[in-house]
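So the sequences go chain by chain: A and B. Going by our numbering, the residue at position 228 of the first sequence is 228; the numbering climbs one at a time, nothing skipped. Going by our numbering, the residue at position 26 of the second sequence is 26; the numbering climbs one at a time, nothing skipped.
Because the hints were derived from the structure by calculation, they are not lab data. Hints may be right or wrong, so weigh each one.
So, partial list: chain B residues that the calculated Cβ filter (under 10 Å) puts toward chain A [what the hints assert, rightly or not]:
1. 95
2. 131
3. 152
4. 154
5. 155
6. 156
7. 158
8. 243
Note that beta-carbon positions come from the ideal geometry of N, C-alpha and C, so glycine has one too.
If you want the building blocks of each chain, they are given just below.
Number of protein chains: 2
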Amino acid sequence: MHVMVTGAAGMIGRKLAERLGQEGALAGAAITVLTLSDIVAPPVPAGFAGAVSRVTADLAAAGVAERLISARPEVVFHGAGVVSAEAEMDLEKGYHANLDGTRMLLEAVREVGGGYRPKVVFTSSCAVFGAPFPDVIPDDFHLTPLTSYGTQKAMCELMLADYSRRGFLDGVGLRLPAVCVRPGPPNKAASGFFSAIIREPLAGRDTVLPVSEDVLHTHASPRATVGFLIHAAGLSRDVLGPRINITMPGVCCTVGEQIEALRRVAGDAAVARIRRAPDPLVERIVAGWPHRFDAARARALGFVAESSFDEIVRIHVEDDLGGRLPA
Amino acid sequence: MHVMVTGAAGMIGRKLAERLGQEGALAGAAITVLTLSDIVAPPVPAGFAGAVSRVTADLAAAGVAERLISARPEVVFHGAGVVSAEAEMDLEKGYHANLDGTRMLLEAVREVGGGYRPKVVFTSSCAVFGAPFPDVIPDDFHLTPLTSYGTQKAMCELMLADYSRRGFLDGVGLRLPAVCVRPGPPNKAASGFFSAIIREPLAGRDTVLPVSEDVLHTHASPRATVGFLIHAAGLSRDVLGPRINITMPGVCCTVGEQIEALRRVAGDAAVARIRRAPDPLVERIVAGWPHRFDAARARALGFVAESSFDEIVRIHVEDDLGGRLPA
Numbered sequence: 001m002h003v004m005v006t007g008a009a010g011m012i013g014r015k016l017a018e019r020l021g022q023e024g025a026l027a028g029a030a031i032t033v034l035t036l037s038d039i040v041a042p043p044v045p046a047g048f049a050g051a052v053s054r055v056t057a058d059l060a061a062a063g064v065a066e067r068l069i070s071a072r073p074e075v076v077f078h079g080a081g082v083v084s085a086e087a088e089m090d091l092e093k094g095y096h097a098n099l100d101g102t103r104m105l106l107e108a109v110r111e112v113g114g115g116y117r118p119k120v121v122f123t124s125s126c127a128v129f130g131a132p133f134p135d136v137i138p139d140d141f142h143l144t145p146l147t148s149y150g151t152q153k154a155m156c157e158l159m160l161a162d163y164s165r166r167g168f169l170d171g172v173g174l175r176l177p178a179v180c181v182r183p184g185p186p187n188k189a190a191s192g193f194f195s196a197i198i199r200e201p202l203a204g205r206d207t208v209l210p211v212s213e214d215v216l217h218t219h220a221s222p223r224a225t226v227g228f229l230i231h232a233a234g235l236s237r238d239v240l241g242p243r244i245n246i247t248m249p250g251v252c253c254t255v256g257e258q259i260e261a262l263r264r265v266a267g268d269a270a271v272a273r274i275r276r277a278p279d280p281l282v283e284r285i286v287a288g289w290p291h292r293f294d295a296a297r298a299r300a301l302g303f304v305a306e307s308s309f310d311e312i313v314r315i316h317v318e319d320d321l322g323g324r325l326p327a
Numbered sequence: 001m002h003v004m005v006t007g008a009a010g011m012i013g014r015k016l017a018e019r020l021g022q023e024g025a026l027a028g029a030a031i032t033v034l035t036l037s038d039i040v041a042p043p044v045p046a047g048f049a050g051a052v053s054r055v056t057a058d059l060a061a062a063g064v065a066e067r068l069i070s071a072r073p074e075v076v077f078h079g080a081g082v083v084s085a086e087a088e089m090d091l092e093k094g095y096h097a098n099l100d101g102t103r104m105l106l107e108a109v110r111e112v113g114g115g116y117r118p119k120v121v122f123t124s125s126c127a128v129f130g131a132p133f134p135d136v137i138p139d140d141f142h143l144t145p146l147t148s149y150g151t152q153k154a155m156c157e158l159m160l161a162d163y164s165r166r167g168f169l170d171g172v173g174l175r176l177p178a179v180c181v182r183p184g185p186p187n188k189a190a191s192g193f194f195s196a197i198i199r200e201p202l203a204g205r206d207t208v209l210p211v212s213e214d215v216l217h218t219h220a221s222p223r224a225t226v227g228f229l230i231h232a233a234g235l236s237r238d239v240l241g242p243r244i245n246i247t248m249p250g251v252c253c254t255v256g257e258q259i260e261a262l263r264r265v266a267g268d269a270a271v272a273r274i275r276r277a278p279d280p281l282v283e284r285i286v287a288g289w290p291h292r293f294d295a296a297r298a299r300a301l302g303f304v305a306e307s308s309f310d311e312i313v314r315i316h317v318e319d320d321l322g323g324r325l326p327a
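Can you make the complete structure from the sequences, with help from the hints?
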């Protein structure tokens, strides 16, 4: 089986490629070729026995998607695109990378024709939703995104469903919750603190909490997120039905509950590294985000998130810190 | 005030241009220039005192939207596009006309900049919804279109909302119910019978009913539809808020109730011209369409539909038959 990953240099793309490489199989079939594509060179996953093809190119540039798809991958994990803040700062870049890139990919698949009908697993986001929200967002809640990023993801979801309905491909779009704990250096994203308040203390560094402890949010670990993508690749068209874009489950908890989970895993000293410094701008942005999802359909389809935030903290320690807690 | 209408040669576009020409004003301001654009030459509305500019061109072709927008119309009624059946038969044409055409228009507005921020009234459709449905579709129900046409309209709604949020324009999208009674010759659309069972008997011609009389559907007359568009042009950004795409109200009734309305307006002889000829294909297509909308938000915003199907029949007689009933 030939499996392709777009956005393979991103955090989730890298972890997905590593896991595919380690498992060597997907949906019951051995992976013989792994094509990894991104605008910067993606790393080669360790320990994969099959062939790895790396393509460093802009998916939205003319001819790139055609070239990638001409090798007829059976499964395409499509995660390429620019992130929320970038799409908001640079409108043209966001529509180019996120909308045109996806459209180029879907068009390239359609143009192959001749019975070629790959599984396309699309990385969408809970940013497709926009406030005001009910307490729990049901699976049939409308999409009124409040960012250009969310708009582009929602537009791609629609096109993916249409191309699936018309039989050009078997698409499935996953609306991911906040991915936490995000490894790597702190970033400027308004959501950065959700990960930083866990990651930085666990790395022995101080960090700042800009919002109140009663802020509620839904999280899934990078490991669970990669699990969602892999599970989606194994879902048949019959099981999915026509509503192929699905809100993923996660652990819904307050910032205060996140901090108590950190305390249980790493002790008071870790928690003492969190300094309260309320930031009205961040508080205002976060207030516009969805808190809690029903995700009944995803759970019924077998998507599994963590069952507690403690588990999310422990997964970060295992997967990103080699199992080591701070001294 | 300079008002532009795209799709001005279509049935609704023509009626809208006629009404704008007759009223000579929109949202309290006198109309000095009326630009009418379509891919075929739009008719000149009778009795308009201002200047009429007609542009026969494909809005989605390079440079056309820029040329139209360079004259800086204060209000743009954007109805250009291909209809449902055509978008389904020709995928490329549908995405070109319906998605790219709208994107070209929005981009042309954005590129003018310098404080230019027109009102853009977009003609969307209840085809953005897809079965299965609750008995009454609430205003916050998700969009899962089952046609490429509905997909393209939903994608345009999202982009219109994003461009409005970013301050490039003041958009409002109207999800129109079935427009009934549609004048002109019978067409091949699966929905054609909803109008034909009224229009043909009133014109002294026989017609065929392909579905059961208990089929439920929501209708608005062409006059009410034009009224929705004109009312939308007068709604301020503050009143609309960020959720600018709105499901319009209509008269929800069964086919049997339509026929009884025809009987009350035109007598038994008219009803006798309807022959039952069940068509399983049409029955199946119609079963996938939404029946009834809450449209609470539209009603609260002052959009007014007819209050009975009798009124819809009488409006057809007045507006399209010169007030004459069959002998």
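Consistency of the hints with the structure:
With a cut of 10 Å, the hint placing residue 95 of chain B at the interface with chain A holds, because the nearest CB-to-CB distance is about 8 Å. The restraint placing residue 131 of chain B at the interface with chain A holds, with a minimum CB-CB distance near 9 Å, inside the 10 Å limit. Given the 10 Å rule on beta carbons, the hint for residue 152 of chain B holds: about 8 Å separates it from the nearest Cβ of chain A. Hint on residue 154 of chain B holds. Least Cβ distance to chain A is approximately 5 Å, under the 10 Å limit.
With a least beta-carbon distance of about 5 Å to chain A, the hint placing residue 155 of chain B at the interface is held under the 10 Å criterion. Because the closest C-beta pair between residue 156 of chain B and chain A is about 9 Å apart, less than 10 Å, the hint holds. Annotation: residue 158 of chain B was flagged as interfacial toward chain A, and the flag holds, the nearest CB pair being 5 Å apart, inside 10 Å. A hinted interface residue such as residue 243 of chain B counts as satisfied when its beta carbon comes closer than 10 Å to some beta carbon of chain A; here the least separation is about 5 Å, so the hint holds.
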